[in-house]
Structure formats: C-alpha cells, structure tokens
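**Q** Spelled out, the chains give:
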Amino acid sequence: MGYKDEIVKSMDWLAAKNDTIFIGQSVSYSGNAIYNTLKSVPENKKIELPVIEELQMGLSTGMALEGYVPITCYPRFDFLILCCNQLVNHLDKIRFMSKGNMNPRVIIRTSIGAKKPLDGGVQHTQDHTEVFKNFMTEIDVVLLNEPEEILPVFKKAYQREDSKSTLIIEWGDYYNEK
Amino acid sequence: MNIPSYLTKVRDINLTKEDLLLFEEEVKNSYEDSKIVAPVHLSKNNEEQLIEIFQYVHPEDWVFSSWRNHYHALLHGADKNILMKDIVDGRSMSVNFVEPKFYSSSIVGGTIPIALGVANALKIKKSDKRVWCFIGDMTFETGIFYEAYKYKTNFDLPLQFVVEDNNLSTNTPTDETWGGVKRDIPDDVIYYKYERGYPHHGTGSWVLF
Chain F
510 MGYKDEIVKS MDWLAAKNDT IFIGQSVSYS GNAIYNTLKS VPENKKIELP VIEELQMGLS
570 TGMALEGYVP ITCYPRFDFL ILCCNQLVNH LDKIRFMSKG NMNPRVIIRT SIGAKKPLDG
630 GVQHTQDHTE VFKNFMTEID VVLLNEPEEI LPVFKKAYQR EDSKSTLIIE WGDYYNEK
Chain B
6 MNIPSYLTKV RDINLTKEDL LLFEEEVKNS YEDSKIVAPV HLSKNNEEQL IEIFQYVHPE
66 DWVFSSWRNH YHALLHGADK NILMKDIVDG RSMSVNFVEP KFYSSSIVGG TIPIALGVAN
126 ALKIKKSDKR VWCFIGDMTF ETGIFYEAYK YKTNFDLPLQ FVVEDNNLST NTPTDETWGG
186 VKRDIPDDVI YYKYERGYPH HGTGSWVLF
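So the protein lines, in turn, are chains F and B.
Positions in the first sequence are counted from 1; adding 509 to them yields the numbering used here.
Positions in the second sequence are counted from 1; adding 5 to them yields the numbering used here.
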C-alpha cells in the first residue's frame, strides 16, 4: 500500500476506538490533504473547528484530561506554529506540573506542505521537524518517511503505556510519490 | 458581585477568611525564612468574594486558576498540608490536583483553552458537572478569552468564567495599557474588583537566599 493509503488505514484503525475524536479545520469539509484521509471516519467522531490554532490545542488537551484521545489535525506545519503556547507550555509540561498525575494523550497530525505539482511557497511548505524535536521535553516527534512506518507509529501513539502525546509529521509530497 | 441566576449553591465552605489569611501568612513566613526558593504569588483582600463563589462550585467540578492560586485550591478542597508542601517545594506557580480536579498555570490565558476542552468533553458525556475558570482582568482582555467565550457561549458548554479585577498585570495597570477602556462584562461572567494585598510576587520584604 502507498503512503496515503497507509494513513487512511491508520485513521480507520483509530476511528474504531471508542475514545478517539478527530479535531481541527477541514476534518469534515474539504480543503486540504488531511481531509482526504478522514473521509471514511464517521462524522460523529469529528469536530470541525474554526481557525483557532491555539484554542484547538488547549481544547484537545482538555478533552484528553477527561479521557478522550483527540487526533488533532493541523493541515500544515506552518500553521502548527500558532499553537506553540499550548503545545510547549502546557501539553508538553503538564505531566511535570502535576507530578505525573495528569497524563493527557493527544495525537497531533501535521504535514510538510507539498511542492509538487504546485509549490505552496515559504509560508506553506516548511519542515520544522528538528526544531520541534528540540523544542519539546516530553512529546514524541515522529516524521513519517516510509509507508510501512505509518500504521505502527499511529498504533504506538494510541497504545503507548506512558500515555505521552505524539506529534506525527507527514510529507505532503509523498501522498502522490510513494 | 453578580452571581448568574442559573447557578445554585451546592456546598458549604468551612474555611473562614481568617483561615485563608493564616495560610498565606504561613507561606509568607516560609518564604521570608528562605525555605521556598521559587516565586510565590500570595492572595489577600478577596477572601469574602471567593468564599461566596465557591459555595456554587461542586466538589466534583473542575477548577482552573492562575499563578495566584492558593485560595482557589484550598476552597476547592485541596489538602492544606499537601498544598503547603507543594508550595515549599517550589510549585506555587502551578499547583495541580487530580482530587479535587484543579489545574493552574503561570502563563497568561493558558488555562482558558484547556478549560474549554474539559467543558466540551463534559457536555459530550452529558455530565452535570461544570468547569470554573478564574482569570485576572488582563487575561479577560486577551484574544484567547474572546475566542473561548464565543465558542463556549455558542455551543452552550458548562464553562463558568470568574474575573478577578485588581487592575494589575505584574505591576502594569490594565486600563492604562488599553487606552483607559476595558471590555464590556457579559452577564454570565462573574466579576469582582479587589485591591491586591501582596506584591505581584514575594512578600515585599528582601529575602537573602
């Protein structure tokens, strides 16, 4: 199976879990590549949000504190930057701040914007993977390079016993190339 | 102070104003004895307002607070001795408990989106519990409050905001920095004014560590 097909399979696997919920802009309405991987996810498992990146990350953390596993979707890495306060100052630090008593598990999806056939330009195609690996203390940062890596990464993010959150980065170009 | 009519009293508060003042006095003494090697943000002069408000907070509700959180934690039922130990251990700025459900943060506005998410989850679960989010008057003016308030209102989420107005953020006057005009106060936001009794952090005394 190809890169995009493996992502679709991973989303279907996550959608079958009772406690998951898919959050973000374009989870229910078309407009970006992530939407095309969620078409088979039931609508009652989705929350389409306004453009509120920071609020979205905190909302995801809050829902995770109440037992949900949000798959919170940011269509491009360039947009994820807008949620860094909630990501770095809260979700990444909450376990330490609560002496290990609060363990919200959030799965964060984002994508390095495609450059082919159209180049989205400098505000839509950046790869900040290494920056985010250095930026965070606890959140696991994983870049999906090969199709066969994809389902195991999403399964681990959902099942990991330490309950840590995972930032999973996709390559937009690989949707067509691999 | 306005209490919205949809709220009802759900518990008695056994702590008195004197109990609260005494707790902060103990923190003050520990801080001035160099036993606490981290900033502390002490409360004073809002005891009566908070004792009134917490009669409407169910013991199983979530409470979100800020860096100035000792009163909120105590009134929500946090164990006094554990709280004091956390403060002495340097955790005053981010006191957190699972029982009672209590989260605080030392980032302006940082609690608001998380409180919104908990409220969203409670609504989906059809829970009868509520989320309380205590913020200062500078936080009340931020964009993140605007977004969260609009979302919680339009989706009828069980999130109750309480604004504690001392007109100061650190030592910056909120009204002056916003050109002398503060935002309108919605009817469903509990709002009270008070005069800060301690400095922004510390006790006002020079401490040699």
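Keep in mind the hints are simulated off the structure, nothing from the lab.
Beta carbons are placed, not taken as given, at the ideal position from N, Cα and C, and that holds for glycine.
Any given hint could turn out to be false.
As the list claims (entries may be wrong) - Computed list of lysine-lysine pairs in BS3-like fashion (alpha-carbon distance at most 25 angstroms, straight line):
| # | chain 1 | residue 1 | chain 2 | residue 2 |
| --- | --- | --- | --- | --- |
| 1 | F | Lys555 | B | Lys14 |
| 2 | F | Lys673 | F | Lys518 |
| 3 | B | Lys22 | F | Lys554 |
| 4 | B | Lys198 | B | Lys14 |
| 5 | F | Lys608 | B | Lys22 |
| 6 | B | Lys131 | B | Lys14 |
| 7 | B | Lys90 | F | Lys602 |
| 8 | B | Lys22 | B | Lys49 |
| 9 | F | Lys526 | B | Lys130 |
What the hints assert, rightly or not - Derived coverage of chain F by chain B (criterion: at least 3 residues anywhere in the stretch with Cβ under 8 angstroms from a Cβ of chain B; other residues may be distant):
| # | stretch |
| --- | --- |
| 10 | 605-611 |
| 11 | 614-622 |
| 12 | 644-658 |
Claimed, not checked - Distance ranges between label pairs, derived from CB positions:
| # | chain 1 | residue 1 | chain 2 | residue 2 | range |
| --- | --- | --- | --- | --- | --- |
| 13 | F | Asn598 | B | His205 | 16 to 22 angstroms |
| 14 | F | Glu552 | B | Ile87 | 54 to 60 angstroms |
| 15 | B | Ile87 | F | Lys687 | 49 to 55 angstroms |
| 16 | B | Tyr151 | F | Gln632 | 22 to 28 angstroms |
| 17 | B | Ser210 | F | Thr646 | 57 to 63 angstroms |
| 18 | F | Glu557 | B | Gly209 | 16 to 22 angstroms |
| 19 | B | Lys130 | F | Glu557 | 31 to 37 angstroms |
| 20 | F | Trp522 | B | Lys198 | 30 to 36 angstroms |
| 21 | F | Phe605 | B | Asp84 | 17 to 23 angstroms |
| 22 | B | Gly209 | F | Asp628 | 57 to 63 angstroms |
**Q** Does each hint hold? Answer for all of them.
**A** Okay, the hints, checked on the actual structure:
no. : hint                                    : in the structure
1   : F/Lys555 x B/Lys14                      : violated (36 angstroms)
2   : F/Lys673 x F/Lys518                     : holds (22 angstroms)
3   : B/Lys22 x F/Lys554                      : violated (47 angstroms)
4   : B/Lys198 x B/Lys14                      : holds (22 angstroms)
5   : F/Lys608 x B/Lys22                      : violated (29 angstroms)
6   : B/Lys131 x B/Lys14                      : holds (21 angstroms)
7   : B/Lys90 x F/Lys602                      : holds (20 angstroms)
8   : B/Lys22 x B/Lys49                       : holds (10 angstroms)
9   : F/Lys526 x B/Lys130                     : holds (16 angstroms)
10  : 605-611                                 : holds (count 5)
11  : 614-622                                 : violated (count 0)
12  : 644-658                                 : violated (count 0)
13  : F/Asn598 x B/His205: 16 to 22 angstroms : holds (19 angstroms)
14  : F/Glu552 x B/Ile87: 54 to 60 angstroms  : violated (44 angstroms)
15  : B/Ile87 x F/Lys687: 49 to 55 angstroms  : holds (52 angstroms)
16  : B/Tyr151 x F/Gln632: 22 to 28 angstroms : holds (25 angstroms)
17  : B/Ser210 x F/Thr646: 57 to 63 angstroms : violated (34 angstroms)
18  : F/Glu557 x B/Gly209: 16 to 22 angstroms : violated (50 angstroms)
19  : B/Lys130 x F/Glu557: 31 to 37 angstroms : violated (20 angstroms)
20  : F/Trp522 x B/Lys198: 30 to 36 angstroms : violated (53 angstroms)
21  : F/Phe605 x B/Asp84: 17 to 23 angstroms  : holds (20 angstroms)
22  : B/Gly209 x F/Asp628: 57 to 63 angstroms : holds (59 angstroms)
Of the numbered hints given earlier, the model fails hints 1, 3, 5, 11, 12, 14, 17, 18, 19, 20; all others are met.
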